[in-house]
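Asks: Sequence:
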Amino acid sequence: MSSMSSMNSLSNTNSLSSSRSNPLVAKALVSRLWRRSAGSALLAASGLLVAPGWFAAAARADGLPITPPVRTDAVRFQDEILPMLAANCTACHNAKIHEGGLILDSYKSLLTGGDSGPGVVAGKVAESPLWLRSAHLQEDFMPPPDNKVGAKALTPEQLGLLERWITDGAIAGPAMEHKAIAWRPIPAGAGSVLAVAMSNDGRFTAASRAGRLSVYDTASGGLLGALVDPATATEPAFADTAHRDTILSLAISPTDDSIASGSFRTVKLWQRQRASRLAEITETAGITSLVSAGTTAACGRPDGAVIILDATSGAVRRALKAHTAAVAAVALSADGATLYSAGADGSIVATNSADGVVAGRFMRPAGVRALAVTAAGSQLAIADADGIVRTFALPLPAPPVDPVVAAPKPIKELNAGAGPVVSLSDTSTLSGHLLAGGADGTIRLWNVEGGAVVRQFAHGGTLGGMALNADGTRLATVGTVPGVKLWNVADGALVAEWKGDVRIAERLRIADVDVAVRKQDVEYGKAQVTAAEKAIEAANTEMTQSTEKFAAADKALGEKAEAVKTALVAADEAGKMAELAGTALTQSTAAHEAATKAAVAVVAAMEGTVAGRDAFALVAASSAGDAAAAEALKSFEAAAAAAAAARAAADQAVVQAAQQIERAKAKADEATKKMEEMKKAAVAAEDARKGAETAATSAKRAVEFAQAQVTRSNEDLPKRKEESTKSEADAAASDQARLTLAEQKTASEKPAAAVAFSPDGNWILCAGADGVCSLHGGQDAIPRDTWDGGAGESKALVAFLDNGRAVIGGGAAAAGVWQVAPRWSLARTIGGELTP
Numbered sequence: 003m004s005s006m007s008s009m010n011s012l013s014n015t016n017s018l019s020s021s022r023s024n025p026l027v028a029k030a031l032v033s034r035l036w037r038r039s040a041g042s043a044l045l046a047a048s049g050l051l052v053a054p055g056w057f058a059a060a061a062r063a064d065g066l067p068i069t070p071p072v073r074t075d076a077v078r079f080q081d082e083i084l085p086m087l088a089a090n091c092t093a094c095h096n097a098k099i100h101e102g103g104l105i106l107d108s109y110k111s112l113l114t115g116g117d118s119g120p121g122v123v124a125g126k127v128a129e130s131p132l133w134l135r136s137a138h139l140q141e142d143f144m145p146p147p148d149n150k151v152g153a154k155a156l157t158p159e160q161l162g163l164l165e166r167w168i169t170d171g172a173i174a175g176p177a178m179e180h181k182a183i184a185w186r187p188i189p190a191g192a193g194s195v196l197a198v199a200m201s202n203d204g205r206f207t208a209a210s211r212a213g214r215l216s217v218y219d220t221a222s223g224g225l226l227g228a229l230v231d232p233a234t235a236t237e238p239a240f241a242d243t244a245h246r247d248t249i250l251s252l253a254i255s256p257t258d259d260s261i262a263s264g265s266f267r268t269v270k271l272w273q274r275q276r277a278s279r280l281a282e283i284t285e286t287a288g289i290t291s292l293v294s295a296g297t298t299a300a301c302g303r304p305d306g307a308v309i310i311l312d313a314t315s316g317a318v319r320r321a322l323k324a325h326t327a328a329v330a331a332v333a334l335s336a337d338g339a340t341l342y343s344a345g346a347d348g349s350i351v352a353t354n355s356a357d358g359v360v361a362g363r364f365m366r367p368a369g370v371r372a373l374a375v376t377a378a379g380s381q382l383a384i385a386d387a388d389g390i391v392r393t394f395a396l397p398l399p400a401p402p403v404d405p406v407v408a409a410p411k412p413i414k415e416l417n418a419g420a421g422p423v424v425s426l427s428d429t430s431t432l433s434g435h436l437l438a439g440g441a442d443g444t445i446r447l448w449n450v451e452g453g454a455v456v457r458q459f460a461h462g463g464t465l466g467g468m469a470l471n472a473d474g475t476r477l478a479t480v481g482t483v484p485g486v487k488l489w490n491v492a493d494g495a496l497v498a499e500w501k502g503d504v505r506i507a508e509r510l511r512i513a514d515v516d517v518a519v520r521k522q523d524v525e526y527g528k529a530q531v532t533a534a535e536k537a538i539e540a541a542n543t544e545m546t547q548s549t550e551k552f553a554a555a556d557k558a559l560g561e562k563a564e565a566v567k568t569a570l571v572a573a574d575e576a577g578k579m580a581e582l583a584g585t586a587l588t589q590s591t592a593a594h595e596a597a598t599k600a601a602v603a604v605v606a607a608m609e610g611t612v613a614g615r616d617a618f619a620l621v622a623a624s625s626a627g628d629a630a631a632a633e634a635l636k637s638f639e640a641a642a643a644a645a646a647a648a649r650a651a652a653d654q655a656v657v658q659a660a661q662q663i664e665r666a667k668a669k670a671d672e673a674t675k676k677m678e679e680m681k682k683a684a685v686a687a688e689d690a691r692k693g694a695e696t697a698a699t700s701a702k703r704a705v706e707f708a709q710a711q712v713t714r715s716n717e718d719l720p721k722r723k724e725e726s727t728k729s730e731a732d733a734a735a736s737d738q739a740r741l742t743l744a745e746q747k748t749a750s751e752k753p754a755a756a757v758a759f760s761p762d763g764n765w766i767l768c769a770g771a772d773g774v775c776s777l778h779g780g781q782d783a784i785p786r787d788t789w790d791g792g793a794g795e796s797k798a799l800v801a802f803l804d805n806g807r808a809v810i811g812g813g814a815a816a817a818g819v820w821q822v823a824p825r826w827s828l829a830r831t832i833g834g835e836l837t838p
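Take the sequence shown: its position 112, counted from the start at 1, is 114 in our numbering, and no numbers get skipped.
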């Protein structure tokens with residue numbers, strides 16, 4: 003075998019060598035020999051591979067067309083070869099899927115090759131399987147014509163590039179350059195809203211304009227926040243944007259905790275941050291009062307000290323021993339520059355927030371309940387223990403050496419005669435007016451100058467706290483009556499009221515929907531049971547009717563079958579009669595022919611006899627007196643007379659035979675007609691039988707169908723009853739779950755001890771004595787979030803700072819700075835601007 007192979011190889015080599023003078027022959031031989039096992043080794047041995055281009059020209063007789071590139075620069079692997087392979091080859095030849103062990107997604111793996119060796123041999127196109135198979139010059143074409151990944155054969159230009167790259171040494175070349183995109187900012191006022199998404203609960207809406215992404219409170223339309231990518235926040239042109247490019251798509255997760263935004267090659271995921279404690283404020287355990295204004299916040303302690311806080315950071319500026327007993331109330335000037343505090347010892351102290359220097363002091367009877375700076379900062383309102391609100395001129399008297407200072411004379415005294423006043427608030431938009439909240443649960447709007455109550459707001463129960471928004475249009479109140487109430491200051495109308503835990507309320511809302519759906523399921527289940535019962539009744543009725551129809555059809559079929567038999571017998575008899583009539587006609591015709599022939603013979607004989615008589619009469623006439631002649635003549639005459647009689651008889655026989663033919667023909671026609679009629683009757687009877695058979699078959703099928711319906715209906719009814727029973731059980735469970743949630747909702751409707759408006763008026767913060775805090779919309783009082791603020795069990799105090807932060811304190815625990823307003827932060831970026 004080896005010697006034979008060597009001889010064949012030598013013969014082929016000689017053939018190739020001898021064909022060099024004829025390129026057409028060489029091409030044909032190369033094309034034919036290439037598909038043999040000798041492959042490129044044979045061609046190399048033949049000396050034909052003097053140049054890759056010649057080989058390509060010779061081998062392309064059966065391969066794909068190739069267009070060599072017209073260029074002088076080198077082919078770049080990263081820029082030109084790798085993208086070509088990625089588009090047509092790497093779907094089946096990558097790190098995870100590598101058919102034949104071949105991986106084509108990197109330069110190194112391409113040279114390494116697969117199970118059959120290197121994919122590319124530098125400088126040797128004829129020994130590079132990747133090129134040979136891609137050009138369809140070697141079996142196992144790449145990509146296969148019937149591939150399932152949509153890969154297409156390389157174009158002539160791509161094959162030319164691949165050939166040139168291998169010929170030039172298959173070098174890796176420089177890596178693909180990723181040039182940074184030179185972004186230019188989109189003008190702030192440009193661009194329409196191109197994408198919008200609403201949360202599942204409908205509470206907030208996200209919208210994009212250009213690269214800016216904003217989140218709004220759906221109910222009020224207020225801006226909750228502008229989302230900014232920290233990576234671009236330091237770039238002045240993109241400091242307030244979420245994306246550099248236009249945001250074209252938005253989506254909010256079903257849990258409303260994440261927002262996804264999409265722009266050029268980039269998807270960003272933004273995580274909603276729930277209320278969280280940012281820092282603990284030292285030395286604030288058990289604080290008794292809390293206030294904030296401008297950039298300053300302050301709180302009073304049981305030991306008589308006041309703590310001044312930086313409202314921008316929540317940091318403690320200083321702690322001052324202002325009173326000898328617990329601090330009962332604190333108030334700040336509008337700019338936060340001066341802190342006013344009242345002690346249980348009756349002292350009223352004014353302190354400079356900046357340096358902690360006492361700017362004024364005087365004494366009141368013990369039991370001051372509340373303070374407020376009013377009259378555009380020119381007066382201090384004090385709620386004394388006797389239930390009378392008194393106003394004093396500011397600034398307070400400078401502190402003398404002697405700490406006992408007589409109180410200055412009040413400017414006005416406001417007495418509603420309704421018991422202690424527990425809360426005071428200035429109305430900045432209503433000059434000369436003051437809000438006073440009484441322990442009786444009524445808030446009174448006073449015209450201070452006139453000393454008259456202008457309007458009342460009845461919260462009910464015992465008032466826990468009140469807060470006025472910055473523009474003075476909305477008043478929020480809390481107390482022993484559960485929930486928060488929102489009032490319109492202009493007319494005293496109750497705008498909104500909310501009670502209970504919003505988390506439970508949301509679950510209760512979902513439970514209400516579930517109960518309604520379950521109720522529909524119950525009704526549907528009952529309807530299905532009723533329908534199944536009616537279906538059984540209808541199926542039984544149909545079964546009875548179908549059975550009766552089948553019996554009638556089967557009976558009719560039997561009758562029709564008997565009628566067919568009778569018709570066939572009659573037709574057979576008629577056929578026999580027609581056959582006999584035909585035979586009689588044939589016989590009559592034959593008799594007529596025989597009679598006619600006989601008549602002809604009789605005529606001929608008669609003519610001969612008459613001729614003989616006439617001839618002998620001449621003889622007798624010439625032989626007168628010859629008795630013998632006369633006697634003979636008589637014999638001839640008798641014979642002639644007999645012949646005439648025979649002719650007459652023959653003629654009569656012919657006539658009678660003809661008449662018989664007519665009679666036989668009439669009978670034959672009648673018999674034939676009757677036979678045809680009987681045949682038609684038989685056919686009609688058969689058609690009627692087939693019709694009856696079809697009707698019987700249909701009736702039988704109707705019976706079978708009805709029986710199946712009965713079976714299915716009887717099987718279906720228990721299932722429908724079981725489903726109905728389950729629906730009722732599910733509905734009962736849903737009702738019970740809803741009842742439990744309703745009870746939990748009622749149980750969560752607890753009194754709130756403190757309330758505060760955010761500086762922008764968008765939010766209302768409430769805190770209960772149990773430490774549960776809730777954030778409500780500033781325009782509708784609808785809760786947006788609820789959490790455990792850890793404020794303690796004795797008393798809760800809240801005061802807003804800035805940027806959605808607030809101080810929550812009271813009770814035994816130290817106060818803390820909380821981020822309470824909703825906000826979103828970038829959690830993850832998918833893709834990127836340089837992603838291919």
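Honestly, the hints are just simulated from the structure, not real lab data. A quick note: this is a predicted structure, and the numbers were derived from the prediction, not measured. The reader is advised that the hints may include incorrect statements.
Said to hold, decoys possible - Straight-line C-alpha distance at most 25 Å; calculated SDA-like pairs for lysine to any residue: (1) Lys723 - Asn490; (2) Lys501 - Val515; (3) Lys110 - Pro67; (4) Lys501 - Trp789; (5) Lys536 - Ala710; (6) Lys528 - Ser715; (7) Lys521 - Gly288; (8) Lys414 - Asp357; (9) Lys747 - Glu575; (10) Lys411 - Thr429; (11) Lys411 - Pro367; (12) Lys521 - Arg740; (13) Lys636 - Ala655; (14) Lys747 - Thr257; (15) Lys323 - Gly288; (16) Lys747 - Arg509; (17) Lys752 - Asn490; (18) Lys536 - Val524; (19) Lys551 - Gln709; (20) Lys669 - Glu575; (21) Lys723 - Glu575; (22) Lys676 - Asp689; (23) Lys682 - Thr696.
Asks: All hints, please: hold or fail.
Replies: Results for each hint:
no. : hint            : in the structure
1   : Lys723 - Asn490 : violated, 56 Å
2   : Lys501 - Val515 : holds, 20 Å
3   : Lys110 - Pro67  : violated, 28 Å
4   : Lys501 - Trp789 : holds, 15 Å
5   : Lys536 - Ala710 : holds, 15 Å
6   : Lys528 - Ser715 : holds, 16 Å
7   : Lys521 - Gly288 : violated, 51 Å
8   : Lys414 - Asp357 : violated, 31 Å
9   : Lys747 - Glu575 : violated, 101 Å
10  : Lys411 - Thr429 : holds, 23 Å
11  : Lys411 - Pro367 : holds, 13 Å
12  : Lys521 - Arg740 : holds, 13 Å
13  : Lys636 - Ala655 : violated, 28 Å
14  : Lys747 - Thr257 : holds, 21 Å
15  : Lys323 - Gly288 : holds, 16 Å
16  : Lys747 - Arg509 : holds, 9 Å
17  : Lys752 - Asn490 : holds, 23 Å
18  : Lys536 - Val524 : holds, 18 Å
19  : Lys551 - Gln709 : holds, 14 Å
20  : Lys669 - Glu575 : holds, 15 Å
21  : Lys723 - Glu575 : violated, 68 Å
22  : Lys676 - Asp689 : holds, 20 Å
23  : Lys682 - Thr696 : holds, 21 Å
Checked against the numbered hints above, the structure breaks hints 1, 3, 7, 8, 9, 13 and 21 and satisfies the rest.
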